[in-house]
Each structure stands twice: as C-alpha cells, then as structure tokens.
Amino acid sequence: MIGRRQAIAAGAATLLARPALAQKKNPPGVTDTEIKIGQTMPYSGNASAYGVNGRSHAAYFRMINDQGGINGRKINLISLDDGYSPPKTVELARQLVERDQVLFLFAPLGTQCNTAIHKYMNQKKVPQLFVATGASKWGDPKHFPWTMGWQPDYRTEGVIYAKHILQTVKEPKIAILRQNDDMGADYVEGFRETVHGFKGALGGDASKLIVADATYEVTDPTVDSQILQLKNSGANVFYNVTTPKFAAQAIKKAAEIGWKPTHYIVNVAASIGNVIKPAGFDASQGIITAQYVKDATDPRWFTEPDYKEWRAWTEKYSPTAVPGDTTTTTGYAAAFSIVQVLKQCGDDLSRENVMRQAANLHDVHVPMLLPGIKLNTSPTDFYPIDSVMLSRVEGEHWSLFGDLISGRA
Amino acid sequence: MAAIGSMTASANGWAMKRGFGPVAILFWILLALLPMLELVTDDPSFDYYMFMGQSMLIYAIAVLGLNLLIGFNGQISLGHSAFFALGAYTAAIMMTFAGWPFWATLPIAAAVCFGAGFLFGFPALKLEGHYLALATFTLAIAVPQLLKYKPIAPWTGGVGGVLLEKPEPPEWLGLSVDQYLYYLCLIVAMLMFWLVFNLLRSRSGLAMMAIRDHTMAAGTMGVDTSMYKTVTFGISAAITGVAGSLSAITIAYVAPDSFTLQLAISFLVGLVVGGLASLPGCLIGGAFIVLVQNSAQSISDWMKTSFALRYDVPAWAIYGVLLLLLMYVMPTGVMGGITVLRHKIAGRRSTRVNAPSPTVVRPGKTAGETTPAA
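Heads up: the protein sequence lines correspond to chains V and X, in order. Using the working numbering, the first residue of the first sequence is number 12, and each one after it goes up by one. Using the working numbering, the first residue of the second sequence is number 2, and each one after it goes up by one.
Bear in mind the hints are in silico, worked out from the structure with no lab data behind them. Incorrect hints may have been included.
[What the hints assert, rightly or not] With the Cβ distance kept under 7 Å, some of the chain V side facing chain X (calculated, not the full set):
no., residue
1, 55
2, 96
3, 97
4, 98
5, 109
6, 123
7, 127
8, 135
9, 357
[Said to hold, decoys possible] Simulated pairs of lysine-lysine, DSS-like, Cα-Cα distance not exceeding 25 Å:
no., chain 1, residue 1, chain 2, residue 2
10, X, 167, V, 135
11, V, 271, V, 242
12, X, 151, V, 184
13, V, 85, V, 327
14, V, 136, X, 167
15, V, 85, X, 305
16, V, 327, X, 305
17, V, 184, V, 148
18, V, 47, X, 305
19, V, 184, V, 242
20, V, 153, X, 305
21, V, 148, X, 167
22, X, 345, V, 219
23, V, 136, V, 148
24, V, 184, V, 174
25, V, 242, X, 151
26, V, 385, V, 148
27, X, 167, V, 130
28, V, 85, V, 36
29, V, 148, X, 151
[Claimed, not checked] The following label-pair restraints were derived from C-beta to C-beta distances:
no., chain 1, residue 1, chain 2, residue 2, range
30, V, 245, X, 153, 29 to 37 Å
31, X, 146, V, 77, 31 to 39 Å
32, V, 235, X, 153, 24 to 32 Å
33, X, 24, V, 333, 52 to 60 Å
34, V, 151, X, 326, 43 to 51 Å
35, V, 333, X, 38, 46 to 54 Å
36, V, 151, X, 204, 57 to 65 Å
37, V, 133, X, 153, 23 to 31 Å
38, V, 151, X, 98, 34 to 42 Å
Please read all numbers here as calculations on a predicted model, not as lab measurements. Glycine included, each C-beta is placed from N, C-alpha and C at the ideal position.
Pulled out of the complex, with its shape left as it was, chain X reads as follows (with noise of 0.2 Å):
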C-alpha cells in the first residue's frame, strides 16, 4: 500500500495547484461545446458518439468517486460496482415505481449511497490495506446476486431488470435526446468534480490526505480519523452511486449482469490508468475505460485480417499488454506521466504543496506499518 503514497506524489501536485485553473475551464467549455460539432459535420453516428461521451463522463465520475477514497484518503475499495449498482437501481425504481423525473432521482441516489458506503465504513475502520480491498471485493461480488434475490424481485425485476423511459429533451432546447443526456451528464459531473476540488481544498481535505500519509500522525494533530474516513467513504460511495444512476438513465435498463466484478476492476484500472490522486486524471481514466476496451478489439480485429492468422488474437489479451505498456511508460498514470514530462521540459522540480511525504521504511517495519492508511 506504499506505493499509493509514491505514485500519488508527482500527480498530486498538478491537480491540486492548477486543477480549477485556466486550462480546466478551458476544458470544460471544449467539453461543453462537442454536442454543437453536429452543426458543422453530417456524420450519420454523431449520435452514438455523443452516447459514448455519456459513458466517458459517467465512469470518470465514478472513478472520481473511487479517487476520493483511494488516491486522496487512502483507502482500498474493490467493491465500487455495488455503490454504482445501488444508484442505478434507485433511480430505476424511484422512476418506475414512484414516478419521479430522471433528475430527482440524483441525490435520493446520492444519499441512499452515502448511508450505505457510510454504514460499510465502519466495519472497514477495522481493516486496512489488502484486508480492506478483500472486504469490498465481497461487496463486488455479493451485489449482482442479491438484486436477484426473491424477496425483493418485485422491485429489483429480479433476473429479469428494470426496463425505464428514456426521459425526452424539452421542444424549446432543439437537441436530441443523446445531446440532451450529454449535457446532463456533463452538468452532474461538472458539480461533482467542483464539490471534490473545494472539498480537498478545505480542512476537510487536508485532514482527508494527512490520514493517507500518516494516520497516527493526523491522529496526533487532532484529526478524527475514524469518523473522517467513514465519511470519505460515505462520499465516495455517494459521488459513484450518483454515476450509477446517470448510467441507469441514458442506458435506460438496470439487470444484475451490467453490475459485476468487471465493472469494480475496469474503475481501479481507470484510476490508476488516469493517475490517483489527480482530478483530471478522472476524465481520462473514464475515456480509458469506455475507448481502450473497444480498440483491443480492433487492433485483435486488424492483427487477424492483416496477418492472416487462422485463430482469433483474444482480445483481452491485447487489452493487457496495452495496459503494461502504459503502466511501464507511465507508472504514475497519464497525468503523473503529463506532470513528469511538464517538469522534465521546464528543468524544474515539483512544489509539491499537497502531496504526501515520501514513503519511508524504517528498519524494522515494513512498509505497510509506516503509512498505515496508505
């Protein structure tokens, strides 16, 4: 877990100095303007790119989610599928069975996750480390099988899912329904990397990474440390089970299959692909998750008809040798790697205002025991 500590150092500077910076707002605006391309080219799949932006969007809110928890508080989660399966199917029944617009069931998703990752949080004050990422793991695992579970079939459709409406743009805004599903998954991701950036910025932020870096220590300085990383992990689970219900919403289907172990990976991959501990490194992770999938494909596709080989190259096996290289260019993630590069070119060194203290080993512990959290 030491090495959460190492690989955070170099991303965390960066996000946290320039994160809401010129070239963030910038981004956003460009993100906001991609839906208005449709007026300048007469591509027949603008459409499907716009749904794929919907996805993008919706796994680096999760993996914000999971970066909140796991790059800037320390603690390991496997289990991030269950918070996103709880949100999607809060909004599924909310919209279903209550009637409640698309839009009202965000923060009902929201508060039903943070109640559910906070009560978790508990029992995971106990265990850190590899026994904390084994305890989410059976949250990963155990999810897909109790949304099967009779009892609560009726609301849950069992096997079966929950079929919704996709909701309609209103007339007077002129978009279709995937520009409209776009800007409302680009809005909430807006409000959620905000409420992120001012939550590290505050107090509460400060304390949130000095228990990364040094439980004992934070302790120490009066830091609550039991009850802020509860809530830290009530506010992870709730920030990825509001993607859980965005992704209920522009998918328009919830059914125990699309919430399994797979899912929980592909968000740590997206987060340590993006960079952990860095905010922008979110949005590359959730661009990873949905691109890198679809071009191992491809490439497996290309390999075989350019090659002429008679047996398919498995695609998930290219997917993995991708994921090595990255891992072996940049170890920090993309945004470490952006920040080393940024520093190599400007011959200068990191600030490193918010990042965490250099892992030390002292002889006789291990690792593990001088960053306890990390």
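Bound-form chain V, shown alone (with noise of 0.2 Å):
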C-alpha cells in the first residue's frame, strides 16, 4: 500500500514539474548567466560617506563573479545615485524595477529614501533586500512582506544603552547629543522610553533622568557649543547619537573642557580610523558601545580565518578602502547575506522565492560579525541580526564585555 501511494505521489510530482520544466520561463532580471539586481546609494549629497557601502557591495560581488558566481550566474548590480533625496529614489527604484528589471532591490540605503519607496517596492512585490537603515519599521513581514532591514535597529540599540545605564550608573543625569534626523530620533525614542518606564516603575520623577537634549543639523560645522551647553547641565552620562565627524568632534571637545561623563557612542559612530583616533585615544578611553561587527583594526582579529579573507579581498577588490572604515565591514558581511539568500534559492530565482528564502535563514555564520552573532529570520521574524555586545574603548581597540544582549526580546 505504502508503496503505492509513493508511487502516485511520485507521479503527481513529475507531472506536477513537467509544465514548469517545459514554460522554462525566467523570472524578472535572471537569465542562465546572468542575476541583475539593483541599489540606490547617497553618492553624492549629504550623505555622502555612506556611498562606500555601495562600493564595498560591487567589490564583493565582482569578487563572487570572479569566482565563477551563483550557480554559474554572475551578479550584476546596478547602483545609482539617489542623493539622499526621496523623490529621487522613488525615481531610481522605478526605472531599476521597470525598465532595468532588476530581480530586487538590496540595501538601498536611508531611512527616508526607503520609506519614500516601501508601498511601491510591496505592491510591485518586488523584494526590498536588507535595507541599509536601522530604523524599526523593517521588519514588518504582516503589512509589507516585501521590505526587510538587516542591521540591528537603532531603537533596540537605544533600549540597551538605558538599560545598562541604569543598571550600572547610580543616579543618573543624562545628557543627549543628537543629529537633527530620523536616525537620531529612532535612538533616542527607544532610549527615553525605557528610561522613563524604568523611573516611573520605582516611583520617581521619570523625565528629571534626562537633563540635557541638543540636537545639531548635519550640515553645521561643529558641535562646541552643544558640548559646553552639555556639560553645564551638570549630567553624569552622556549619550552620544552622532554620525562619525561630530563623535570625534563630541568626543575631543568634551575632554578639552574637562567633562569626564560616563560617555556612550552609538554603533553608527562606534569607528576606532574614523572616530577614536581622530579624537584621540586618551581622551576616548572608556567610551562604551554596542556593536555587531569586527573591528577591523583590532589585532585580536587579526588571526581569525575571516579576516584574513576579508583583508584578501579589501587589497585585491577594495584597495581604495580605509581600513578603519567600519561601512566596508558591514558592506561586505550585508553582501555576504545576500549572496547566502541567493543560494539558498538554487535555480528557483523567482521574487517569491527570494523573499522565501530570505526568511529562512537559520544560524547563517557572517564573516565579520562578532561571534555568536548569527543570520536568523522567519516568515515572522524579519529582523535578520537583533543581539550586540557592549564594548568599550581600552588602549586603542574595542574591548567586548558582558554577553550577547537582545533587545527585542
């Protein structure tokens, strides 16, 4: 009996595979040699810095094509220059989507730009791959089973700074350097509500923990004036959501005119080449930071089986790259993620099956990622890294304490 049915079930298989066998019709952007996905980046404009993620991704798949590609496709990423402006990208996503054809989008990069085109990407249903911001909104697999981040979100990061200062600072004053946009916002929400829940649980005066809050504009020269307005607050903790010229700025300033909080940087900010040592290391000593990636320029890698790969691949590929620059890092570890998505799909490259697979990774070791810090996503789950390690500056490296912390849970 049991036999039998094997067989119709066997049957019913093949007849079910002949007409998908016979259409062999590719999907959208992927023929026998070829994956064409697409990218928009702030090349030029404000954000600027950030357009070496861009680089570190078509660096890393030129890599992969050199290697003979994904099933003997090659990768073929088309990235173009949004300029930080969402009208642009809304423009961009829908000449990549219909004209190009691109299979999907990967990291295209801003919170604005993303959100200028996240209905568009959901009712095209064309994948919107690891997008490059850390706001929460990503992950949201019931509304937009389309969209999906990657990085740990600034919220949950912002939820982890309060807690560990509340568990680990006695009374507490808190002040907040932010920039002026939605990055800082999303930080320091997370962060004053769990302050706030925390003190009104005990019964206090909840909103007397934060005592100072200056925001600056990305395009202002400095940030001296916020620092001195900072330290006259008389706060013990500072809590620091810049972008990495204004961290270094923030951070020299702060030592200049004796203010020796209790200091935290936020990921974002938290590079030894482009922050720490500008600013110096005596005057950094002690920061604290929540990270999810190697530092590149911490000796203590240099002996990992992934660094040596990545330091290969950075000479060979990426020879304009700084080595301090943490955005090779995690544009090689996001490119990395994609290239897994990829295989996982094997020759079944339709959308559906890309966004399938990318909610079915499962423990995925990334080279460069801190360890333990592995790819887990479900059809439910579509935050793909969620836990950090605190770590503090000691010497001239990141100095990783305490455990794997999730935020989200």
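Assembling the complex is the task here: the two chains are given apart, and the hints tell you how they should meet.
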C-alpha cells in the first residue's frame, strides 16, 4: 500500500514538475548567466560618506563573479546615486524595477529614501532586501512582506544603552546630543521610553533623569557649543547620538573642557579609524558602544580566518577602502548575506522564492560579525541581526564585555 | 545682474510673439497624446516613462514660477525650493488630516504659497541683486530644518515625513495611475502656462518687465513698483507651490530631505538652461533637470566600463562639464540658442517686441546701477 501511495505521489510530482520545466521562462532580472539586482545609494549629497557601502557591495560581487558566480550566474549590481533625496529614490527605484527589470533591490540606503519606496515595492511585489537603515519599521512582514532590514535597529540599540545606564550608573543625570534626523529620533525614542519606564516603575519623576537634550544639523560645522551646554547641565552620563565626524568632535571637545561623564556613542559612530583615532585615544578611554561587526583595526581578530579572507578581499577588490571604516566591513557582511540567500534559492530565482529564502535563514554564520552573532529569520521574524555586544575603548581598541544582548526579547 | 537683461534679449521676442501660436498648440497636443502611445507599444516600462513625464512637467511648472520672477521681473531667488516644499506639505497635510481630495489641495497650496511669497516680497523690496539672492538663500536653508521642528511635527511628521495615498483614477477613464497623474500634471501645467502667458501680455505683465528693465523709469511712468514686485513674488511662489503639491501627489511622500538647497539650485539651472524669460524654455528646463542628472550617471558608468577605469568617474563632475558645454554653446539657454539659429537661417534680425532694452553702462556707474532691478 505504502509503495503504491508513494508511486502515485511521485507520479503526481513529475506531472506537476513538467509544466514548470517546459515553460523555462526566466523570472525578471534572471538569465542563465546573470542575476540583475538594483540599488540606490547616496554617492553625492549630505550623506555621501555612506556611499562606501555601495562600493563595498560592488567589490564583493566582483569577487563572487571572479569565482564563477552563483550556480553559474554572475551578479550584475546596478547601483544608482539618489543623492539621499526621497523623490529621486522613487524615480530610480521605478527605473530599476520597471525599465531595467531587476530581480530585487538590495540594501538601498537611508530611512526617508526607503520609506518613499516602501509601499511601491510591496505593491509591485519586488523584494526590498536588507535595507541599509536601522529604523525599526522594516521588520513588519504582516503589512510589508516584501521588505526586510538587516542590521540591529537603532531603537533596540537605544533600549540597550538605557538598560545598561540604569543598571550601572548611580543617580544618572543624562545628557543627549543627537543628529536632527530620523536616525537621531529613533535612537533617542527607544532610549527615552526605557528610562522613563524604569524610573516610573520606581515611582520617581522619570523626566528628570534626562537633564539635557541638544541637537545639531548634519550641515553644521561643529558641535562645540552643544557640548558646552551639555556639560553645564551637570550631567554625569553622555549619550552621544552622532555620525562619525561629529562624534569625533564631541569626544575631543568634552576632553578639552574637562567633562568626564560616562560616555556612550552609538554604533553608527563606533569606528576606531574614523572617530576614536582622530578624537585621540587619551580622550576616548572608557567610551561604551554596542557592536555587531568586528573592528577591523583590532589585532585580536588578525588571526581569525574570516578576517584574513576579508583582508585579502580589500587588498584585491577594494584598494581604496580605509581600514578603519566600519562601512567596508558591514558592506562586506551584507553582501555575503544576500549571496547566501541567492545560494539558498538554487535554480528557483523567482521573487517569491527570494523572499521565502530571505525569511528562511537559520544560524547563518556571516564573516566579520562578532562571534556568536548569526543571521536568523523566519516568516514572522524579519530582523536578521538582532543581538549586539557592549564594548568599551581600552587602549587603542574596542574591548568587548558582557554577553550577547538582544534588545527585542 | 545686468547679465540677465542681455541674456533675455534674444529669447524674449520669440517667446512673447509666438508663445501660444500654432507651434505651441501643436506641441501641447503632442504632449497630450503621449500616453496614447501605450496602444502601440508593449514596452513594460511604459508607466515608468509616464512617471518621468510627470516629473518633467512638475519641474517645468516650478521653473515657470521662477522664470516669472527672475526672467520677467528681474528679482533673483535661490529659495524657491522653500515654496515647493510649502506647496507639497500643504497638499500632504490637507489630504492626510482634513481628508481633502488631491485636486482640491492645488488651489489651497497656491493660496498659501502666494501668501508666503507676498509676505516675503516685502523685505525683499529693500534688497536687490545679490542681496536678494542671499536673502532667499536663507529660505532654502531654513525650510528643511523648520519642517523637522518639534512643535509642528504632529502635522509635518517631523524627520519621518508624511506618507500619502496615490489617487486612483476613476474606472471609466480606463487609464493607469501613471497615465492619470500625467494628465493631471499636464492639465495643471497648461493652465499655469496659459495664465502666465496672458499675465505677461497684459498691462501688468508690461509693468513687470518695465520694472526689470529700469525700475526708476517704470516708477516715473506711474507703475507702482513695490506693489508689482511683491505681487510678482507672490504669484511666482504660488506657481512653484502648485508644482510642489503635484510632486507630493505623484511621489505620495513628503520628507524634509526632499527639499534641500540642491532643489532650489536645480530650478535655477533648469531656468538658465531653458532660457531666461522664455516660456517654452521652462519645459526644456524641466526636462533638463530630470534627464541630465541621469545621463551624467550613465556617461560615468559607460566611461568606467569602456575605458576599463579602475576608479569611478564622478557623475556630478560630468554634469558640470555638460552644463559648461551647454552654456558655452548656447549662452542664452536652449530657447535663446534656437532663436539665434532661426534668425541666422532666416537672415533677419529680431524685432524684439517685448525684449528689454540692451544694457547700457554709463561712465561712472556700475552695471548694477543702470539696471537696478535686473
């Protein structure tokens, strides 16, 4: 009986499989030799420093193509400059989807830019995968099943800092410096809610814990006056929500005026090469951040195999990359992740299957992520990386401490 | 600023004499027929081209607003992105919070921007030439930041902006969303061009141009120069504001980063490339804004692959070179260039009906003083 049932099942399977073979119609963006994917990236404008992301992706795909591609197909990344302007992102996304017929968009950058195309991509049912922004709204498979984030979101990171402050600092008086944009807002929102919730539970006046909250614009020349203002507030904790240039200025200025709070800088600015070194190691001792990628300037990783591979890749494919620029590392890891998804797809490179496989990552080890951090997704979990580790500046490097923390749980 | 006077000279006559003549009518009819191409092509990216058409028309309207101010009234503005933003946010807020239909937001946006432009016109009266340029420049810089301002964030959405619903075309029209929005932009554009065309032919238009050519003389002739200058500023802002609200409707999202100084500069570039004081030039300017940035990137990619370069060729440098070349070949903009060409072919000189008088620099005076407003 069982044998017969199996035979019928097998027969049905072949019958079902046959039309699929007979059609042999390639999904958009896919041929027998190529997978075409698209991307928008700020190569010009206020956020052009992030353009390194796109260059790293392209360099990683060049390496994959040199190695023969994925199942014999080479990756063709069309990466276009949107200048960080949302209307331009809409125009370019439509060009990529409708004219260039890409299979999906990979890591378009910027919260406002991705918001502008969020609905469009989901209406068109084209994957918007591993978007390069830390906003928390990208993991919403119920309403936006075609969009997925990648990095730990800013909100969660803010929650982690707040918890750490409340656990370790006695009578904290917190001063915040933040960039006046969506990143700054997200980081501070999660942070503020946690602080308020905590103190509220103890019955105290929660709003008094945060004693100063200063903002700056990304176009400002310096943040010197904000730092003076924050120091004068009498704060003993400094939550530094800035991008690299301003983070370095803030650290330097605080040291100059002799302000020594417990200092937290956000992951976005946690770069030894771009921030800590220019600000001065003396001024930076003890600064705390949350990390998920390995710091490429830290000799501790130099002997690890994934570091060696990464190093060889930068030398051959990305010779202009600055070693201390974390963007090169995150770009590399993100490109690795998408290649993993494409490998998992096998020969079924339909948009549906790409999305299915992106939501089907289990303990994927990604090079250059911190030990223990793995990609995990499911049809209901669209946050691939959701744990981080705290670390502080010791000497000339980040020194990890504590366990892996997941803010979402 | 005297340069504006001389640059408009050749373009102006053509624009005013033949602006809505048979050629123009034929051109608008062609634009109206473009969406019908869908019947003969099976290009899957047709809707994308319709979307590009919308963007070009929207920028053309914005450039038209700027042209009225700079080309026909001789006042400089580097801040028109602010009015574009104001129009966009007016539309977005009315649609989201008051539930207004998209088309009804256009006149409101025009009224709001007229008010803002008119009020800004008052301090602008005291400033001329470069000083006015700087004053308007502050508008362009301040607005993206003001839009993030906390107390108004519940309406503007702060840094996150406001998401909108794209309007659905009525079923009996049988159009796609993009065709429908293209027609919306086209109809609004035609209306705006027609209004401006008539305005310029009226006594008020003559007064505007008289102020541009010689403010003091215009005043002596009985033109209320302050009133005309502020009202022109208002109308110019209103037209650009309408373009802004169209942009909000077609993009279905407004955010502070969409309205940077870069946008104000691209309006100005579109205006100068199309041709100052030329109405058809506005359409060319609109197309230029959309197309040339993209082509600069394509050229950059093409250079990189075909010459096997190791490093990227910066697309904005190519854009700069393209712009320089264009200004060198056609110093009075595309429409100015076409006019010069037409005259060369026809072998006759321009009659210059409404053209400003050639700038005369008298001894002991700077060019700016002889043509104070231009």
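Given the proposed pairing of residue 148 of chain V with residue 167 of chain X, does the C-alpha separation stay at or below 25 Å?
-> 21 Å, holds
Residue 109 of chain V as chain X interface residue, shortest Cβ-Cβ below 7 Å = 4 Å, holds
Is the hinted pair residue 327 of chain V and residue 305 of chain X satisfied, with a Cα-Cα distance of at most 25 Å?
-> 18 Å, holds
CA of residue 271 of chain V to CA of residue 242 of chain V, is that 25 Å or under?
-> Measuring from Cα to Cα gives roughly 9 Å; hence the hint holds.
Agreement of residue 153 of chain V and residue 305 of chain X with the hint, judged by alpha carbon distance not exceeding 25 Å = Since the Cα atoms of residue 153 of chain V and residue 305 of chain X sit roughly 42 Å apart, the hinted pair is violated (cutoff 25 Å).
Restraint status (C-alpha distance of residue 184 of chain V to residue 242 of chain V at most 25 Å) = It holds: about 11 Å lies between the C-alpha atoms, which stays within 25 Å.
Straight-line alpha-carbon gap residue 167 of chain X to residue 135 of chain V, limit 25 Å = It holds: about 14 Å lies between the C-alpha atoms, which stays within 25 Å.
Do the Cβ positions of residue 151 of chain V and residue 326 of chain X conform to the proposed distance bound of 43 to 51 Å?
-> 48 Å, holds
Measure nothing beyond the straight line between the CA atoms of residue 85 of chain V and residue 305 of chain X; if it is 25 Å or shorter, mark the hint as holding.
-> 19 Å, holds
Is the straight-line distance between the alpha-carbon of residue 148 of chain V and that of residue 151 of chain X 25 Å or less?
-> 21 Å, holds
Does the nearest C-beta of chain X fall within a distance shorter than 7 Å of the C-beta of residue 127 of chain V?
-> 5 Å, holds
Taking only the CA atoms, is the gap from residue 136 of chain V to residue 167 of chain X under or equal to 25 Å?
-> Holds, because 17 Å separates the two Cα atoms, which is no more than 25 Å.
The structure fails hints 8, 9, 17, 20, 22, 31 and 38 (numbered hints given earlier, in ascending order).
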